[in-house]
Amino acid sequence: AQKVTQTQTSISVVEKTTVTMDCVYETRDSSYFLFWYKQTASGEIVFLIRQDSYKKENATVGHYSLNFQKPKSSIGLIITATQIEDSAVYFCAMREVTEGADRLTFGKGTQLIIQP
Amino acid sequence: GGIITQTPKFLIGQEGQKLTLKCQQNFNHDTMYWYRQDSGKGLRLIYYSITENDLQKGDLSEGYDASREKKSSFSLTVTSAQKNEMAVFLCASRRLNQAPLFGEGTRLSVL
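Residue numbers (this note's numbering), protein chains in the order written: chain A, 1 to 116; chain B, 117 to 227.
Here chain A stands alone, though its shape is the one from the complex (with noise of 0.2 angstroms):
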């Protein structure tokens, strides 16, 4: 069974709009670490923002922030004043720490394509 979903393959939206991309998660942790990356069309992936499990506040970094609902296993990433290089695709990762084990689980990620 897939431990880190997203649902959503593609979404387009206009320049300037704000987007939330879904992302939900399988764990028994009580403690673990939840990232989002953007893999750009050179194929680089760069990491832009997290959320620790223990952390009741939702992250925010410039024009990135998170929607952590805990109960829901679910931690979406909502992108504000979308521009032209946001186009990318967009990861969710988990990192579980569990006894003798350390995985970074990735979904398969959302394309993001910002129209003019």
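You can take every hint at face value.
Subject to a maximum C-alpha distance of 30 angstroms in a straight line, what follows is the list of computed BS3-like cross-link-like pairs (lysine-lysine):
#1 B/K199 with A/K108
#2 A/K70 with B/K157
#3 A/K108 with B/K134
#4 A/K108 with B/K173
#5 B/K157 with A/K72
#6 B/K138 with A/K3
#7 A/K72 with A/K3
#8 B/K125 with B/K173
#9 A/K108 with B/K157
#10 A/K56 with A/K108
#11 B/K157 with A/K3
#12 B/K138 with B/K173
#13 B/K173 with B/K157
#14 A/K3 with B/K187
Partial chain A-side listing against chain B, Cβ under 7 angstroms, derived:
#15 F35
#16 F47
#17 R50
#18 D102
#19 L104
#20 F106
#21 K108
#22 G109
Rather than coming from a laboratory, the hints here were simulated on the basis of the structure.
No residue lacks a Cβ here, since even glycine has one placed at the ideal position from N, Cα and C.
With chain A's structure known, arrange chain B on it following the hints.
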């Protein structure tokens, strides 16, 4: 600042060939990862290592070997390349609870 360097950037192999990919980081990170990305798809974990000489299997370890002889380097071997295989292999590293950072990838094509 540091850097994660993957070599080679492009690798063309023959069916059945043993191929080795290398990853070096100068961040002094403890944990390193190898992922495979097929065209238009997500990242699948092959191997990871939490310290020098440690190896942990991921979901896709069959057909691969890994080696972490030094803290700064992590190599991946495709034990027998499959005909028409095409994928990008991505190396990442992390210090403690920081977010993992990625190298630029090695693009593999098998003839």
